Amino acid sequence: MTAHPSPAELLVPHVVRLKGFAGTEAVAARFGLDAAQTHEGLLDAEAYGWVTRASFAGLTGWSLTEAGRRHNEAQLRDELDAHDARDAVAAIHDDFLPLNSQATRTFTDWQLGSMDGPQQAVPGDLLGRLAELAQRLRPLEGRLTERLTRFGGYHRRFAEALARAADDPAWITGMKVDSCHRVWFELHEDLIASLGIAR
Amino acid sequence: MTGAVTGVPANPGRALGTARLVRSVDDFGRLRPGDVLVCRTTDPAWTPLFHLAAAIVTETGGLLSHAAIVARECRIPAVVGAADAMTLLPDGAQVLVDGALGTVTGVAR
Numbered sequence: 001m002t003a004h005p006s007p008a009e010l011l012v013p014h015v016v017r018l019k020g021f022a023g024t025e026a027v028a029a030r031f032g033l034d035a036a037q038t039h040e041g042l043l044d045a046e047a048y049g050w051v052t053r054a055s056f057a058g059l060t061g062w063s064l065t066e067a068g069r070r071h072n073e074a075q076l077r078d079e080l081d082a083h084d085a086r087d088a089v090a091a092i093h094d095d096f097l098p099l100n101s102q103a104t105r106t107f108t109d110w111q112l113g114s115m116d117g118p119q120q121a122v123p124g125d126l127l128g129r130l131a132e133l134a135q136r137l138r139p140l141e142g143r144l145t146e147r148l149t150r151f152g153g154y155h156r157r158f159a160e161a162l163a164r165a166a167d168d169p170a171w172i173t174g175m176k177v178d179s180c181h182r183v184w185f186e187l188h189e190d191l192i193a194s195l196g197i198a199r
Numbered sequence: 001m002t003g004a005v006t007g008v009p010a011n012p013g014r015a016l017g018t019a020r021l022v023r024s025v026d027d028f029g030r031l032r033p034g035d036v037l038v039c040r041t042t043d044p045a046w047t048p049l050f051h052l053a054a055a056i057v058t059e060t061g062g063l064l065s066h067a068a069i070v071a072r073e074c075r076i077p078a079v080v081g082a083a084d085a086m087t088l089l090p091d092g093a094q095v096l097v098d099g100a101l102g103t104v105t106g107v108a109r
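Protein sequence lines correspond, in order, to chains A and P.
So the first sequence is residues 1 to 199, counted in the working numbering.
So the second sequence is residues 1 to 109, counted in the working numbering.
Treat the hints with care, as some may be off.
[As the list claims (entries may be wrong)] With a straight-line cut-off of 20 Å between C-alpha atoms, the simulated EDC-like cross-links for lysine to aspartate or glutamate are: (1) K176(A) / D26(P); (2) K176(A) / E160(A); (3) K176(A) / D43(P).
By construction, these hints were calculated from the structure, which means they are not laboratory data.
These figures come from a predicted structure and were not determined experimentally.
Generate the whole structure from the sequences, applying the supplied hints.
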């Protein structure tokens, strides 16, 4: 079994799906793609009606259209089938679901506990729960990257966010940084998109 | 509209605004700052809308859902798991969202 690297034609719109809304530089950075090539890819995708440029709350970025979402899912479906990875990714998703319940419970407990004072110190047991999730994420990602290299990096990003969280709680569920919640949610979206299933 | 739509209270706070029914990404441009976002469910593509909306109402999900977690980060009232919200709330109606009670009620203009 050889891990398969995905082509830029798949990765560019897929980043837009994973990020939901992102500028050209962020799209290129997600998989270390060339910025100019990414820009061209986004313009091509725009011409096909797969992505659209929008401005929200002072930010300008790309998002997938409904047609783009369908196209992205067809690309991902073809990739899984071409590399005989569907059963393996589906089994990994099954193993991910109980972890996902644990993760969303942890994020929610943190938010509800910190509502009265957002600057309070992060309780040690909460960091411990996140550390356990990081530990369990590592082998799960390893099983994914044995099939498709594009699944790599989630554990590293989650662990980096966790390392920063002790000093700055924004790294737990914050929206402006690559927080534990954002990384986790991106992986969830990646699995859902790859398998073409509803949340 | 008659009566109130109820769901899971997911983030406390009250907000008054125009109900905007958003069915897909292709409808995002319809949401105006201060509107109440009413939708089926949310995923990462919907996150920027939380910075514009005064409150969010979803038909699916619970306390642990993406919509609930992001609403808390953006500090906007949220009612989730409000089944039939998109059927019962007319687009353009003035509504009051109470994220502590989990209610959405119509308000006469």
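Right, here's what the structure says about each hint:
With a CA separation close to 24 Å, the supplied pair K176(A) and D26(P) exceeds the 20 Å bound. Using a Cα cut-off of 20 Å, the hinted pair K176(A) and E160(A) holds, with the two alpha carbons roughly 15 Å apart. Between the alpha carbons of K176(A) and D43(P) the distance comes to roughly 16 Å, so the proposed pair stays at or under 20 Å and holds.
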